[in-house]
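Chemist: Take each chain as given, in its own frame, and dock them per the hints.
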Amino acid sequence: MANFKMTVRNRQALFWLFLFPVMLMGLFGVAFSGGQTEPRLGLVVLDSSSLSTLVEDGFDQAQIVEVKPYETVALATDDLKAGDLDGVVVVSRKVRRPVRIDFYFDPSNTFVSEVARGVVAGVVERIDRAASGTPRTVEFESHSVRGRNLRYIDFLVPGIIAMTLMNSAMFGLGGTIVNYRERGILKRLRVTPQPLPIFLSAQIVNQLLFSILRAILLVLVGAIFFDVHVLGDYLTLLVVIIIGSLCFVTIAFTVASVSKNREVADSLGNLITMPMMFLGGVFFPVDSAPDWIQPLIRAIPLKYLADATRGVMIKGDGLASMGLELTVLVLVTLVFFVASILLWRWE
Amino acid sequence: MAEGEIFGILGPNGAGKTTTLEMIEGLRRPDGGDIHINGESVWPDPGRTKEMIGVQLQSTALFDYLTVREMVALFGSFYAKFLSKTDIDYLLDAVELREKERAVVKELSGGQQQRLSISLALVNDPQVVFLDEPTTGLDPQARRRLWDVIRDINSKGKTIVLTTHYMEEAQILCGRVAIMDRGRIIAIDSPQRLIDELDAETKVTFQSSSELSLTELSERMGAVNLKTTDSGYAFYTRDIQTAILGLFEAASKQGVNIEHLNVSGANLEDVFLHYTGKGLRD
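So the sequences go chain by chain: X and U. For the working numbering, add 709 to where a residue sits in the first sequence, where the first one is 1. For the working numbering, add 142 to where a residue sits in the second sequence, where the first one is 1.
Just chain U, same shape as in the assembly (with noise of 0.2 Å):
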């Protein structure tokens, strides 16, 4: 993993994401291998690597009756850098949470929770996040909302490395990730290289104002297996821009207009599911 970029672990439950953040941030001890970050050794001794790191375990765990406030206090007490009364202010904002601030844990929402808690991993102004499965359980806009706070983070300079099993996730957030499965890393890139490694062909389906002559269609767009469907027509193809341009120039030929075009390229399912021969959510 390199300084600065956002790095996701991707991968099944069960697969070995979670054992591995916990060998890293000190809590488990590997059967093998060296561990280093900033060039500290974690093992045998991980105490140095823990004041310079920031954790967020996958399970919620706070105290109910203490304050949003008190809470991070109480963290920032346990590590050796001192965390000023501005410190906190400024935590609470950069998880948008200031105007809670006061609230016990308890009558947090699970989003408020989680930002509370991902707070807390920054208490100590770490060099490295490690986030596990931030996101999971939260509903879909209060998961967006904490990707932009987690994005923000990363702006700030901070290293920060996730696991999810959700693949949008990882394609949104993520600079690198590597796809995990069975306790093994099966391929390690960007998102977008990974995708295009895949060479997966790209679907495109569409609707039409009137009836279209499907085999000078075919002959235009290059050899595509279009087929109708219920809502329409649908293909795939390698080679998008020709298959495109000639449904196009077929349609206005034929006076009918083209609605509801949608192209949809491969993503890091079908790459999960080549690696794997199986879904990141089974």
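Okay, chain X solo, but in the shape it has when bound (with noise of 0.2 Å):
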């Protein structure tokens, strides 16, 4: 509880640990997902009814979409899942029935897909004056499609949020750990009957706590600005984070131990954390990256963080599917657990 209240009270580092992800988050976010600005539709005309071409028409008159045919509603759909379109429509109609349009989009990507179902929409509206009949010529349903429509942002908050755990435990706790020793407050505490795991466990709890506001704090943004959302369950977000957290906070506590001072603690940490910031596939992904330093990148536990964050996030991977990265997280983990005992100073 002393814990919490400190952090709390603490304003710069309040900044770190919530402000500065978040501003790094849209700074890059909004730095880096320009790119496709015109909607790609794709068209599947099942009839071929004087109506139907009319619709055809329409579209393609359309200046702001991009329109591609395709043969069949699964080949399109099919492109639209993995992100090559904005949205699919479907032309089709029945024996004595008006013209139907189904709009298929993917409401992840919610900027281009209201394009182009504005787009759609419009296109139906004319065709349904210009025919001027009566009744209503055109039927027009949309169906949302759950692709993986993958951007920048959507590859970028959840290595944010890696980094965030690792940074947090590095320059958060592990500095707080040596200043305490610095201004002799661990010696104070060791006068005390109180055992220094408890200390220490209180130090953990509540840097998971804030590790895991941090968390919410981060996806939240990222679902109100930047229409990131998280497609596996909250539960294995929240374990991954935890099993993240505690390994950087081993490796936090080790770096602590060896260094003399505040200023070494920090050089070093830096040491750590730039490499694996940038090898570890925060802000890029690195699986592309040149084989030579693909071993050194396999090395990183950063990598492994980001990688499981990213697999519940964008891929809903549940826990089965992130053995690896889990098992190296843990190994790491328990290596430094034990490197920190050893090596720990009181003075």
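It should be emphasised that the hints constitute simulated quantities derived from the structure, not laboratory data. Bear in mind that the values here come from a model prediction, so they are computed numbers and not experimental data.
Here are the computed distance ranges between Cβ atoms for each label pair:
#: 1; chain 1: U; residue 1: Ser219; chain 2: X; residue 2: Ala1008; range: 38 to 44 Å
#: 2; chain 1: X; residue 1: Ala1008; chain 2: U; residue 2: Ile327; range: 53 to 59 Å
#: 3; chain 1: X; residue 1: Leu1051; chain 2: U; residue 2: Gln283; range: 45 to 51 Å
#: 4; chain 1: X; residue 1: Pro904; chain 2: U; residue 2: Arg293; range: 32 to 38 Å
#: 5; chain 1: X; residue 1: Arg1054; chain 2: U; residue 2: Arg190; range: 20 to 26 Å
#: 6; chain 1: U; residue 1: Gln283; chain 2: X; residue 2: Glu972; range: 35 to 41 Å
#: 7; chain 1: X; residue 1: Arg1007; chain 2: U; residue 2: Ser226; range: 53 to 59 Å
#: 8; chain 1: U; residue 1: Ser406; chain 2: X; residue 2: Pro904; range: 51 to 57 Å
#: 9; chain 1: U; residue 1: Asp341; chain 2: X; residue 2: Glu972; range: 52 to 58 Å
#: 10; chain 1: X; residue 1: Arg1007; chain 2: U; residue 2: Phe224; range: 51 to 57 Å
#: 11; chain 1: X; residue 1: Glu972; chain 2: U; residue 2: Pro172; range: 31 to 37 Å
#: 12; chain 1: X; residue 1: Leu980; chain 2: U; residue 2: Gln283; range: 46 to 52 Å
#: 13; chain 1: X; residue 1: Asn970; chain 2: U; residue 2: Arg293; range: 37 to 43 Å
#: 14; chain 1: X; residue 1: Leu1051; chain 2: U; residue 2: Asp341; range: 56 to 62 Å
Below, a list of computed lysine-lysine pairs in the DSBU-like style, where the Cα atoms sit at most 35 Å apart:
#: 15; chain 1: X; residue 1: Lys790; chain 2: X; residue 2: Lys803
#: 16; chain 1: U; residue 1: Lys298; chain 2: U; residue 2: Lys227
#: 17; chain 1: U; residue 1: Lys298; chain 2: X; residue 2: Lys896
#: 18; chain 1: X; residue 1: Lys896; chain 2: U; residue 2: Lys248
#: 19; chain 1: X; residue 1: Lys969; chain 2: U; residue 2: Lys248
#: 20; chain 1: U; residue 1: Lys227; chain 2: U; residue 2: Lys242
#: 21; chain 1: U; residue 1: Lys242; chain 2: X; residue 2: Lys896
#: 22; chain 1: U; residue 1: Lys223; chain 2: X; residue 2: Lys896
For each residue, glycine too, the CB sits at the ideal point set by N, CA and C.
Modeler: And the structure:
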């Protein structure tokens, strides 16, 4: 409880804990999320009547969309799910019925799908008016299709969450421990009967609590401003966050134990986190990096944490499908747990 | 060290005062010998004695972002003994921090932090309180206030062990002092007895309303090497009674008034100088 209060009252710490990752996400999200602006529609025409031809022409004339014809609905929706299309328009007609237009779109890609929907609705209305007959000549219905239309921001948000778990452990918790040691607070605690494990556990619980709060904030900001949604379940995400946090907490304790003072701890922390941040695939995918660097990438714990977080958030993976990642993280945790106990210093 | 006393460990920096305390407090394992507090051996397992002692370490090390009251409550939670709300009130009153109970540690002055640090040494109602240079770095006013606090705690039956390199502090507070240098205790007794044992000469200075005849003065005052100084007269003596009586007799006979009489006996600084050949703060 006291830990929680102290963290909340330390304004500077709060900035690094919460505001900084959000800013980073916003910055990268806005800077790199440009790309396509013109919605790409797949058009499947299952009817050859004059009305259907009219619809086809209508879409061809709509200038802000790129239209690609498909033979079957299945082929088109496959491309939609793969993220190659932003929407699929299916034109069909049953005997003695108005022309039916079904519009399939991926709701995770709000901006583009809204534009596409607007275009489709506009075209439908125009045809309706042109036909000017009674009753309604066109029936329109839209369906959402969950696709895997991955944008840069979808990749970025889980990466940032993983990165903040690392950085807050290394600089927040590790720095605090070194600071306490430097100022003699650890020594002061040592003359009380309170055992060290309880004190450290309180620190770790506090760290986990703030990591979870921060992850919630990042997920919320991602959802509200960037339309990034967690595909997997939240419990799995929570487990990944806790395991990842503990992993970096033990690394941070080890670094804190071998560092003489705050300056050393910070440089050592940077030395460790910087390469992890860039080679661990936080900002950019590293799977396509040159072969010679791949062994190094595979030695980076953050890579596994980022992969696991990404797995839950954008692939909807469960714990079972991230066995490798979790095993590596747990092993690293155990190794550094032992190391930090052996190297622990009071003064 | 005896129960109920204020015991001072006096010595220059690096004499081993803090190291000695750390061994007693259970922070540093001694190479040899035994340490007992209240009949309990501190080593090899200092866990039991930690419940009986209160410690203030040399550097004030506190959590910046907790309030005074939270700080006391937090440290209270480290001990088996339960610390109630009224206990906290009592502790804060004892160190005169009641009106600051909602202030965050970071905002406290040096003297206030030091007093808070002392209150933290009292949260478990300890039998022995160790204060390591409690007044170092404080201004004279804050120092005096802290002395009152320490005396107050002692009057409530707690044994206090403190280290200092201010001889004035030791002289005012301590019932007994140990003089320490290079890791050894070279003298241990009450400040007054240490000074008496030194059998040092008393220094007397004074001024006069008009010039005095020195030869007559010296005759009446016993063998005293009386000298004139820039601001008057000065002499040293071991027989202060004869000297002062003689001084006033001679002066009244000559019709001269004695002004600004100042008698200064030896102090702990002189004792220290005598034993070690160097000053306390070298």
